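Participant: Quick mapping for you: the protein sequence lines, in order, are chains B and A. Our numbering puts the first residue of the first sequence at 1, with every later residue one more than the last. Our numbering puts the first residue of the second sequence at 144, with every later residue one more than the last.
Source of the hints: derived by calculation from the structure; they are not laboratory data. For clarity, every value in this text was computed on a predicted model and none was experimentally measured. Treat the hints with caution; some may be incorrect.
SDA-like, lysine to any residue: derived pairs with alpha carbons at most 25 Å apart [what the hints assert, rightly or not]:
1) A:K479 <-> B:E128
2) B:K126 <-> A:W286
3) B:K75 <-> B:L50
4) B:K126 <-> A:K232
5) A:K232 <-> A:W286
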Amino acid sequence: MMPASNILKWARRNSPWLLHFNTGACNGCDIEAVALLTPRYDVERFGIKLEPSPRHADVLVVTGVVTKQCAPRLKTIYQQMPSPKFVIAIGACSCSGGIFQGCYGVSERLDKIIPVDVYIPGCPPKPEAIIQGVAKLLEKLKG
Amino acid sequence: MEMFENAVKILKEKMANEILEIRVPKPRRAYVLLKPEYHKKVISALMKNDENVMLSTITGVDLGNEIELNYHLACEGAVTLKNRVSREKPFTKTITDIIPGANLYEREVFDLLGVVFEGHPDLKRLMLPDNWPQGNYPLRRDWKPAVEREKNIVSEEASQTEQTEENDAGSLVNIIVGPQHPVLHEPERFSFKVDGERIIDVEQRLGYVHRGIEKAAERMMYFQDVFLVERICGICNAAHTTVFCQAVEDIGNIETPPRAQYLRTIIHELNRVHSHLLLLGVGGHLLGFEALFQHVWRDREPIMDIIERITGNRLMCGFNSIGGVRRDIDPNTIEKALKTIKDVRKRAIFYKTVFEEDATLRMRTEGVGVLSKTDAMKYCVVGPVARGSGINADVRKDDPYAAYDEIPFNVISYKECDTWARLMIRADEILESLDMIEYAFSHLPGGRLRVRVQRKIPEGEAVSRVEAPRGELIHYVKSDGTAYPYRVKVRSPTLANLVAFPDAIRGSYIADIPSVMGSLDPCFSCTDRMVFIDTKKGQKWYSNLDEVNYSKNRTV
Chain B
1 MMPASNILKW
11 ARRNSPWLLH
21 FNTGACNGCD
31 IEAVALLTPR
41 YDVERFGIKL
51 EPSPRHADVL
61 VVTGVVTKQC
71 APRLKTIYQQ
81 MPSPKFVIAI
91 GACSCSGGIF
101 QGCYGVSERL
111 DKIIPVDVYI
121 PGCPPKPEAI
131 IQGVAKLLEK
141 LKG
Chain A
144 MEMFENAVKI
154 LKEKMANEIL
164 EIRVPKPRRA
174 YVLLKPEYHK
184 KVISALMKND
194 ENVMLSTITG
204 VDLGNEIELN
214 YHLACEGAVT
224 LKNRVSREKP
234 FTKTITDIIP
244 GANLYEREVF
254 DLLGVVFEGH
264 PDLKRLMLPD
274 NWPQGNYPLR
284 RDWKPAVERE
294 KNIVSEEASQ
304 TEQTEENDAG
314 SLVNIIVGPQ
324 HPVLHEPERF
334 SFKVDGERII
344 DVEQRLGYVH
354 RGIEKAAERM
364 MYFQDVFLVE
374 RICGICNAAH
384 TTVFCQAVED
394 IGNIETPPRA
404 QYLRTIIHEL
414 NRVHSHLLLL
424 GVGGHLLGFE
434 ALFQHVWRDR
444 EPIMDIIERI
454 TGNRLMCGFN
464 SIGGVRRDID
474 PNTIEKALKT
484 IKDVRKRAIF
494 YKTVFEEDAT
504 LRMRTEGVGV
514 LSKTDAMKYC
524 VVGPVARGSG
534 INADVRKDDP
544 YAAYDEIPFN
554 VISYKECDTW
564 ARLMIRADEI
574 LESLDMIEYA
584 FSHLPGGRLR
594 VRVQRKIPEG
604 EAVSRVEAPR
614 GELIHYVKSD
624 GTAYPYRVKV
634 RSPTLANLVA
644 FPDAIRGSYI
654 ADIPSVMGSL
664 DPCFSCTDRM
674 VFIDTKKGQK
684 WYSNLDEVNY
694 SKNRTV
């Protein structure tokens with residue numbers, strides 16, 4: 001018989017629920033993230049579903065540079081998520097700050113605020129690149 | 144043009160005593176320096192003369208000793224009225240009593256430059272975080288971010304407004320939607336006062352996406368700024384680069400080659416088609432019509448393919464540059480694009496019939512979120528929201544730029560003034576835009592792609608306007624003769640339309656919020672959450688927009 005932890009792992013790997021939070025993005029990455037759910041890219045085939053509530057989500061997808069106004073919110077949302085939780089940073093801004101580094105409205109880099117598992121660079125990354133990033137996360141869930 | 148000339152005539156003939164200097168450097172552009180505190184008198188005189196004069200925005204510029212307030216009026220052109228106030232005592236009279244649409248613009252200038260508008264109904268913070276230290280105005284020239292960072296004044300606790308609103312609710316119901324809400328993908332906050340199921344009032348809090356781009360633009364060179372302004376908004380990036388390049392070209396007297404102007408128009412219209420398709424899909428999603436969302440977004444992909452083929456990227460095209468465009472288009476691409484446009488047109492006609500004939504869709508949108516023509520004029524709304532309320536305003540026709548004076552097209556407007564009309568505008572405009580792209584491809588002139596431009600731009604100022612997918616987009620650029628701009632001001636269409644949101648939503652049901660909101664097509668990355676307050680029962684709850692969407696049968 002399979003140990004219970006393996007069943008949990010199996011379930012998690014086959015249905016990662018995503019929560020999307022825009023912390024100050026320009027909408028580019030957001031639109032590409034939504035495009036993933038639509039017929040051409042269709043990430044639902046991996047069991048991925050966009051989930052509105054942090055309390056039901058496994059993976060937090062962050063787009064955009066973290067603004068000062070959004071930073072406390074981001075922390076709250078991350079704390080509300082049940083463990084184990086994973087974070088995907090989509091786009092140059094959430095990976096490094098991008099072109100908005102040093103702007104007065106911008107807080108610290110995303111990975112200094114919450115731990116990040118997968119970085120997907122690009123401005124904005126193509127949906128194919130995001131799928132690759134998500135697939136890498138699924139690999140991680142296996143191990 | 145007649146409207147503009149009339150306005151200039153009034154200024155020159157009747158207002159000569161109030162004016163210090165008037166400059167008309169090119170057709171449809173006038174810059175008028177007023178005697179201090181005469182702005183209200185001049186604006187009301189212009190509005191009395193022609194009721195179609197609307198306020199585009201207010202730009203504050205720090206001149207050192209003084210702060211210059213530029214009132215940009217739209218009248219088939221742009222008339223900029225300058226009122227200078229002292230930097231030490233920055234007080235001036237509000238114009239919200241004559242133009243209610245100035246509300247958010249005055250709050251923005253108050254927030255970022257510290258100018259106090261006496262008589263403003265609700266002069267409080269708009270963009271900056273609540274715990275931002277008093278007396279720090281980031282858009283003043285001498286303000287340095289380092290000072291603020293060393294002191295580490297901005298604490299990371301929950302912002303004060305959010306806390307006070309939750310405590311103040313008392314006998315009222317609060318539903319907080321956002322700043323994280325899954326439908327619009329952008330963090331923003333709206334506070335709804337609800338009587339049972341009916342919405343009585345709404346309060347808005349912006350600034351969750353406020354990054355400080357206007358300040359950042361001052362420390363980058365003009366040619367770098369093109370890439371910065373492109374990242375103001377990922378959806379209408381072509382509109383932002385076009386308008387910025389036009390402003391700089393205007394200051395530097397740079398003539399762009401005709402081929403570049405046609406290519407700009409093509410990419411601008413492709414941008415509009417993909418943005419409108421995106422909204423129609425999201426509109427379907429917000430109304431609970433999931434299949435429509437998936438279908439529309441599938442048909443949006445071929446458009447993204449053309450954009451990628453022409454520019455090299457799906458969203459951020461990096462196509463415009465000061466003096467022209469950066470890439471040429473080859474005959475193979477044109478052939479492929481024309482074929483795609485043919486296919487997309489068939490689908491667009493089908494979606495238009497869906498919006499026209501689907502009974503459920505019409506029931507959810509007709510007579511919902513009504514914004515009357517008078518209110519729309521009063522709040523100076525722009526773009527599809529204005530045209531959905533029967534105002535025939537389109538920058539492409541009123542103030543042509545790029546190749547729009549050569550390409551034939553119709554301005555679509557509806558008289559219904561509701562959510563349905565605003566969605567139909569988009570469905571119709573997609574067809575118009577597809578025709579325009581075809582026309583532009585077949586009439587594409589030859590010649591150079593761009594002219595060489597020096598890094599230093601001569602001293603001067605320019606107002607530039609384009610019709611972005613969401614409405615009139617205006618940039619104001621001021622140059623002091625160096626390679627770095629002195630001031631860049633951006634007024635995105637959403638900010639203009641948000642002022643009208645409380646009026647449109649008042650009296651509607653809670654379940655209508657997503658659709659009304661969606662029909663305004665808010666784009667907060669360009670501009671910058673929701674609390675429900677029941678005035679009868681002592682409850683409050685927190686929710687997100689998705690739950691609101693399905694809460695129609697829920698007892699409040």
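Participant: For every hint, state whether the structure bears it out.
Facilitator: Results of checking the hints against the structure:
| no. | hint | result |
| --- | --- | --- |
| 1 | A:K479 <-> B:E128 | holds, 22 Å |
| 2 | B:K126 <-> A:W286 | violated, 38 Å |
| 3 | B:K75 <-> B:L50 | holds, 20 Å |
| 4 | B:K126 <-> A:K232 | violated, 50 Å |
| 5 | A:K232 <-> A:W286 | holds, 17 Å |
In the structure shown, a violation is registered for the earlier hints numbered 2, 4, in ascending order.
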